[in-house]
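Take the given structure of chain A and dock chain B to it, following the hints.
Spelled out, the chains give:
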Amino acid sequence: MYTEQAMDVAVIGGGHAGCEAALAAARLGMKTILFALSLDSIAMMPCNPSIGGTSKGHLVREVDALGGEMGRNIDKTYLQIRMLNTSKGPAVYSLRAQADKFRYKEEMKSVLEKQENLWIRQNEVVRIDVQEGRVAGVITATGAYYPCKAAIICTGTYLNARCIHGDYETLTGPNGLQSARGGLTENIASFGISLRRFKTGTPARVDGKTIDFSQMEIQEGDPVPVPFSFEDPAESLQRPQVPCYLAYTNEKTHEIIRANLHRSPLYGGVIHGVGPRYCPSIEDKVVRFADKERHQLFLEPEGEHTGEYYVQGMSSSLPEDVQRDMLRSIRGMEHVEIMRTGYAIEYDCVDPLELKSTLELKKIHGLFSAGQFNGSSGYEEAAAQGIVAGINAVMLLRGQEPLKVDRTNSYIGVLIDDLVTKGTNEPYRMMTSRSEYRLLLRQDNADLRLTEEGHRVGLINEDRYGRFLEKKTLIQEEISRLKTTRSLGGRGLLGDLLRHPEESYASLKEYDPTRPDLPLEVGEQAAIQIKYEGYITSQMKQVEKARKLERKSIPRDLDYKEIRGLRLEAIQKLDAVRPETVGQAQRISGVSPADISVLLVYLEQKHLREKKEREEANQR
Amino acid sequence: MEESTICALSTPAGTGGIAVIRVSGPDARKLTDKIFKGSSLQKVPSHRAVHGYILDAATGEVIDEVMALPMKGPRTFTGEDTVEISCHGGMYICRRILESLLKAGCCLAEKGEFTKRAFLNGKMDLNEAEAIMDMIGARTSCSLRAALGQLEGALSGKISHIRHTLLDLLVQMEVNIDYPEYDVPEITDQQVFETLRQVKAETDGLLKSADSGQMLRLGIAAALVGSPNVGKSTILNLMLGRQRAIVTEIPGTTRDVLEEMLDLDGIPVRLMDTAGIRSTEDVVEKIGVERSLASMEACDLVLWVLDASLLKSKGSAVFPDEEEQALWKKICLRPHLLLINKKDLLQGEGKDLLSSLAASLSSLVSSRSLEDGDETAFAAPDPDEILNSMVLLSAKEEERDPQHQEGLQEISGKIREMFFSGDMLDPGKPLVTNARQKEALIRAGEALDRALQGEGMPQDLLSIDIRDAFEALGEVNGTSAGEEIVTEIFSRFCLGK
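Heads up: the protein sequence lines correspond to chains A and B, in order.
Under our numbering, the first residue of the first sequence carries the number 701, and numbering increases by one thereafter.
Under our numbering, the first residue of the second sequence carries the number 531, and numbering increases by one thereafter.
In case anyone wonders, no lab produced these hints; they're calculated from the structure.
From the three backbone atoms N, C-alpha and C, an ideal C-beta is built for every residue, glycine too.
A couple of the hints might just be wrong.
To be verified - What follows is a set of in silico ranges between Cβ atoms, one per label pair, in the way DEER data are often shown:
no., chain 1, residue 1, chain 2, residue 2, range
1, A, N950, B, H694, 30 to 40 Å
2, A, E1315, B, H577, 26 to 36 Å
3, A, K1104, B, T695, 31 to 41 Å
Chain A with its partners taken away, still in its complex shape (with noise of 0.2 Å):
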């Protein structure tokens, strides 16, 4: 073993998560080094040649306004843009965009390598040293010891991973890149930390030459898209888009699978990993919903330059001939040759129940992790702690308030409360249903949300904060003058008539001959604070609520054990969790609204107590 130079911060794994990670560290002029097992991979994406989609559109514009990397590398990188759920309510409105998978990665990559403090480096890290609780150093498989005072695990599906496609099976990664078998697993668990053994898997890619897309049905791209990046603007999206086709399965695949289910790894048993329940494997979909006739597939390109198409819809760790088959049973796939075989993968991540909600493992002072190994799914979600993790490894290095994301800013923050307060059993995947302040939580605000915080913390620039305010004084005022400017014609006050289903912004146009000349953005953000400013403000009054109970910690090393008229199970739930705050501990399942009642009495017994106890000392 030798020792490399020192440095602050140590990323290990250049994925969605590794990339936010490592560029927040070091743009917080942290000396930050990221290793990856092959720099080939660094923001692969391994699955769907997607980013964005209902609530993980949210995700991608929140990590944005805080200042992360993942809007604006799809802008410049993306196949074909959506707005989805237009039909219903801003709430829900949620930004897909279809990406070319190899361009969106070695543009990041091109990012990383510009980016100042950062190292980049190709070598799997085998163990975390770790003196006296606080890390110290990583070593590499190679003998290379770096010390360091952060270190930030985003080892996707890596970590020991196993790929299944039937009956034959590989030790590797996704995609069939090296696994990480170097003893990281082993070194992690020996610190006491609970890990897990999850499983996800990928449909195949097939040759588009040999698809006759013209028994499908075209999905095209918004005529006008929209950029995810707040930076940039609508114009800057000059890239031709590409279509994505529709297809279903039939009787005969359905056939097809129930006749080969006994070589399926999932229900012969091979398979012990937890699997998603929102993204079944095709045998899973024939199996459990057997009265459906058909499934929908989506076939997307997975990039510019190849004319390989996934699958979407068609999951599977199927045999390779089983595959084949059930793909070729498709209308328009009769003659479809498979390019990559679709495969069940199994990996180790840890029990998100042992991280704080900054991201920093309980046990080890300076540990942080993110992303896949956190026990969530999906890029978007794997970037948004990648983020806070970065940051909040800079905060605790700089001795400064983490990162305040939380449930009533934030789906980042639902997605960090849900995983640490109540753990989780399969790959967590965002939705919009899993936030309580859904209305408030919009993709249209999420700068209006967040910038704030990416500036207090360093990532935003006084150069983008300051148009922020001027925007944010623009909406103000377009909403006074809304609410104060009559209607041409005598319809009464702009700000009324917003407020009826039927009207928009762009209807009342004509009624509104003063109407300033408004970046779009504006006008709509407006228009939707004044539209539905009843719901918005009971929600806020909600979070107001909730805050206060967020507001009031719980000390960490606090004995549940000694509580008097707590229940049993309440101690056990309190001592395993140990909640941040009283708002996290009253979310965790098992603790009821009496249990926190007793709490907040019994903090409160312990404040006076201690106020007493200085009194006396002081009179002393």
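Chain B in isolation, oriented as in the chain A frame:
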């Protein structure tokens, strides 16, 4: 730091000519004003009593003539703004005033909540904290048992049905929102509003029937159960003989159980006399047990009658027979008293015999621990608890000699202790049990009204109020409601990559 305004009876109910209902919280005076006819409580000086009338929030009808004492915090018991309403002490009046307050927007106080607030607002000494924690803690184990009972109640069944309908609706709306591109049929606004109107009609109907029907009928519903020939009829006659006034006599609607309303030393009791048992017990004993079980479903208190002479005859280890064992396993889940009848026939060391019986009864049931989300957790009573619930009597003797009715007095004493001692806010007590369910219905109804007013609004906005209604009907917090929806989405729809 508390946001809600709470109310509760703060004097023991069932006794005394005057009762005091306390309203505490930021909107205490504003909300009470809504149902108070007299000078505005928000305008009159603090700490000065005002004469007036309490009205029914829904109908405007006068419920009672009262004195109201508005007090501005922090110079109050809880430290918050408070109104104390002194009304006429009957349970019926108190209950209607409380319900009117609930309709006006107050929440029903939890056990120990006034004291908790007083402490958190610095109105109490440090040393009192532990007593408060004990009090709140005691409520939890008690309410677990109560929850069990509530699950079986008629009103609960209907509430849970409504809750399911709402969950169904939410799941359909949410799956359309989170999975817009999947071939799941889109629920139309028309379908949403149709369901909402239907659910609203159901909650309205329930509230109405709860106001006028059997559910509001006062008193503790007590069921007299036991094997044949243990003396149930005699005990019934004894209790009836002692009654001051039979308020009403209603033949049961769903089964042939006769209800007798009686006033037992000031406690209103609705005695469910299992008439069916008496007529069939000689024929098929099994049926007797089944009838007993059925009548227990709807009661607040089980009076289990055992024959003292039979205890003796089974030797030193006192075990009830098989049928009684089965009965006991049901009885122990609900509030109960063990009436050991024919005490004159109890031979030998009566005390040892009873201890032995208590021990064997205790050993028959085991505690169930509370697994994740399992609502049916249960703490088995220990022998001492069982002993304490026993009353020794000789119904025949007491019926004959009205001057010596110690057994009957002990029964009414124990009932008073169980249902009316100290704090009236125990969720296990019938006054509150029902009121909580009504509160849930009132809140759900309000949320449904808001949703119904949102016609033309996008579905994700409507879902906010529908979710509020859904949450009002179950004791779950916001985030766990979300989880319930997510779980339901995945179990019902075929989604994913």
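Exercise for the section: Give me the numbers of the hints this structure contradicts, sorted from smallest to largest. Expected result: none
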